[in-house]
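**Q** This is what each chain is made of:
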Amino acid sequence: MEILTVENLSKNYGNVKALKGVSFSVPAGTVFGILGPNGSGKTTLLGIVMDVLKASGGGYKLFGETPTNDHRKQMGTLLETPNFYHYLSAVQNLKIAAAIKGRGLDDIERVLEVVNLSNRKNSKFSTYSLGMKQRLAIGAALLGNPDVLVFDEPTNGLDPVGIAEIRELIKKLSQQGKTIIMASHLLDEVEKVCTHVAILKLGTLITHGDVNEILVNEDMVEVSSPDLQQLKNVLQQMSGTTKVDIADKVVRVFFPAGTSDLGAINQFCFNNGIVISHLQLKKKSLESKFFELTN
Amino acid sequence: MQKLLKTEWLKLKHYNAFIVLSSFFALGVFTTNYIVFTVNKNIVGKINTAGLVSSFNPYDFTKTWQTTSYATGWLLILPALLLIILVTNEFTYRTNRQNIIDGWSRQEFISVKIALAVITALATTLLVIITALVFGLFSGTSFSLNGFSHVGFFLLKALSYNLLAVLISVWIRRTGFAIGLYFIYLGAENIISQLLDVWSLKLRADNNIDLGSMGDYLPMNASDGLLTFPDNPLKSITKANLPTDYTWLVVIMAIVYVVLFYYLSRRRIVNTDL
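Here the protein sequences come in this chain order: A and B. Okay, so the first sequence: first residue is 275 according to this note's numbering, each after it adds one. Okay, so the second sequence: first residue is 94 according to this note's numbering, each after it adds one.
By construction, these hints were calculated from the structure, which means they are not laboratory data. Keep in mind the model is a prediction, meaning the values are calculated, not measured. Glycine included, each C-beta is placed from N, C-alpha and C at the ideal position.
List time: in silico DSSO-like cross-link candidates among lysine-lysine, alpha-carbon distance up to 30 Å:
1) A:395 <-> B:106
2) B:99 <-> A:407
3) B:106 <-> A:347
4) A:328 <-> B:96
5) A:407 <-> B:96
6) A:291 <-> A:335
Over the 12 Å line for every Cβ pair with chain B, so calculated as not near, a few chain A residues:
7) 427
8) 436
9) 554
My request is simple: use the sequences and hints to build the entire structure.
**A** Here it is in structure tokens:
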């Protein structure tokens, strides 16, 4: 089943076209990344899906149906910023969220535990640090253990430990079979947790689909030896490569997808009098793919 | 709706501004009426003994409903202020968005704000009834429901003030600007209303055309105009020269304006980006 289907969605702010006829769908059970630089339309798209923004054209479906409030109640969503009543505590704020979602109050302690806020649960939201506010918003999204989660820049404002914890949490939720839709401009983040991806640029959908299908169009092999220049010169003579360059103290050798052979590279170097100290096959990074697509 | 109101109560019950402004209002209602009561007793009452104005006590039964409604009407700015703060807070904290994201419809969001405005109007009206009763009983006259229609006018005025507060809040969204605009609007409408009233007098005197006090046909002055201080015998003498009070017309217009405020507030929330 498709959790979200976006059909020719567009949004104009005056003369600015924030979304230009975007269409894609999110299959159930995937971790779906919506990637794009700032201003590419990620939050606008999710804002329309959450009914806080009005589309200028096109439409969308939730759970294969015309969207209703009840569909949103079945989803846990963090959109753009943590939105809470500043004068209330974490628990008091979560009581409001639970009441609107139609969930019981018994889940509040659990989600506070998950996002490590139990010890500050009775402090006013206004006294929280940016990271704590973000964690509370993620906790609120987890209320009632929904099957679909929507996270817009979930690691915003978190310290490195917090970022790692949230990534682990997302992976864990994914393993439980939940569908996660995650908008981010942090390519590294999407690469680490997403199974599917849609790439937006200035309101236009550039590509979407399985992360592996989108990214694996080239093999990149990292090779290293004491004399990198000599290594590069030798590898340039090897047949089947598309490009050879030096980056970050390694020589990178590119092959068409699925054609690299590490044994052959090792043998080739050895035959040419070079003993290699490092040999590793890497997918082309999402970052380089992303820049290639959006620039 | 009961579920929506319960959720709204969760937002309110720990909010200091709500507690402080509500307490100020309740205290203000009693204090204002006490001042009017005391001034009348100590000043106007003494004139009475000189025989200049005979037997005028604004808190006697039949008049107490009108006097309390009129005096309390001046304080309706306080609950309106509270409503502006409560509604614009949602935009400031962006909780209006979160409420929708979590599963309220836009209609539910605006409905509960309107319900809050109506409940506040009903609560202030209840306070007026209690205050009118207390001061009426202290005046030494026997209980009567004559003149109770003025309490109805008070309710209409409270609804007008509160729904205008909601309307301005959902259009302006920022607390400071919304409060500023609310006061500017009340002031501006009052000036225009007075000019229209003068014109009405002139039409009556010069051309014998009686269109009533036209200032009362403006949105806030409609409900304002319904609430007046009880006429003392001196004022009654001059009344013959004033334009006719088309009370029924003003009541209808006040109701139409309240409905219009609701309609425009709803339209804003349901149809635009939040």
